[in-house]
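Q: All chains should be built: construct the whole structure from the sequences, respecting the hints.
Number of protein chains: 2
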Amino acid sequence: MLKDLILKNRSYRRFHEEERLSASLLEAWVELARLSASGRNAQSLKYILVTERDLCQQVFPLLGWAGYLKDWAGPEPGERPAAYLVMLNDRDISTNYYCDDGIAAQSILLGAVESGYGGCIIASVQRTRLRELFSLDERFDIIQVLALGRPAEKVVLEDMKGDDFKYWRDSDDVHHVPKRPLSELILRR
Amino acid sequence: MLKDLILKNRSYRRFHEEERLSASLLEAWVELARLSASGRNAQSLKYILVTERDLCQQVFPLLGWAGYLKDWAGPEPGERPAAYLVMLNDRDISTNYYCDDGIAAQSILLGAVESGYGGCIIASVQRTRLRELFSLDERFDIIQVLALGRPAEKVVLEDMKGDDFKYWRDSDDVHHVPKRPLSELILRR
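Those protein sequences? They're chains A and B, same order as listed.
Take any residue in the first sequence, count from 1 to its spot, add 251: that is its number in the numbering used here.
Take any residue in the second sequence, count from 1 to its spot, add 251: that is its number in the numbering used here.
Be careful, since some hints might not be right.
Copies of the same chain are indistinguishable here, so a pair counts whether it falls within one copy or spans any two.
Stated by the list, open to error - In silico lysine-lysine, BS3-like type, Cα no more than 30 Å apart, as pairs:
id, residue 1, residue 2
1, K259, K405
2, K430, K254
3, K405, K417
4, K254, K405
5, K417, K254
The hints are simulated quantities; they were obtained by calculation from the structure and are not laboratory data.
A: Right under this line is the structure:
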């Protein structure tokens, strides 16, 4: 059922790094994004698949990790992502990609979770340096990076108390994500 | 399987209008969006649920339909959406909702498809008039509207030929959506 998949699809930031992901696995997830809706059907999103260990090590330091966890600089060696998908917009096709980025990210991550993997959408990206790393043509904007792998952390949802929406990590290393109640999301029915 | 659901989740613009949708059905789909990822976990998206026939009739003329179909002004009475979800951003929480709009729309529409319904993301909205209709506070931005119902049209995907990404409708009233090949979407693997 979709709800089970959505519940399992948490933002994972620690992985079993030794378990590598094949490019064809990532391709299957991009295929899910390809088959999803696109604003004006322009389909301007493009992807760079990063699976090689060396390249993953070069992408890693260009990403910002879990801004709210001030004592945590990001995953340690051994628990870092085993692959990345760099999501781009091809401005030669369209400068406005509407909400295609979220649609595509959701399709890809749900696909990853269905296969037993998971990931995290990272918008905190050193774009200039990432652009250099891939000698990226100017027509491509870097939208975001999806970090992927076999999750190695426990993430739990909890009811949000008050206005504090910051996620946090407890002493047992469990990652807690406060969610607003449904009643707060629905203005009128 | 997720892929089947994604394949079924086409942008539907004609519906069995007589088959009404309950507010609790729409709530179950918003719940899927609530449980999905949110940038910085801020969760600033809010929703107006529109199910009453009268209100649907007031929302309908404020929406733009299928820009590429020049001979078609939108669904006729009887085939119009049976419900709408108006997606808002609450600026009191955050002015930047990252790609939450696409994530939420995809979760909601996949949920609708799983229940035998479907819909379409509409970004062409007369926002000022829609704002008036619901006496919407200034803190809310209208992001987009999801039109919902039991689909009453056939939508098929096809390989895109050349650069023409416009969807079209054939003489049998089937809606065709050209999709770029996967090889075009992947710059590097």
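Q: Now tell me, hint by hint, if it's right for this structure.
A: Hint-by-hint comparison with the structure:
1. K259 / K405: Result: close within a single copy only, 10 Å intra versus 32 Å inter.
2. K430 / K254: Close inside one copy (16 Å) and across copies (28 Å); limit 30 Å.
3. K405 / K417: Within. Shortest intra-copy distance 17 Å satisfies the 30 Å Cα cut-off; inter-copy 44 Å does not.
4. K254 / K405: Both. Shortest intra-copy (18 Å) and inter-copy (26 Å) distances satisfy the 30 Å Cα cut-off.
5. K417 / K254: within (23 Å within a copy, 33 Å between copies)
Every hint, counting from the list given before, is met by this structure.
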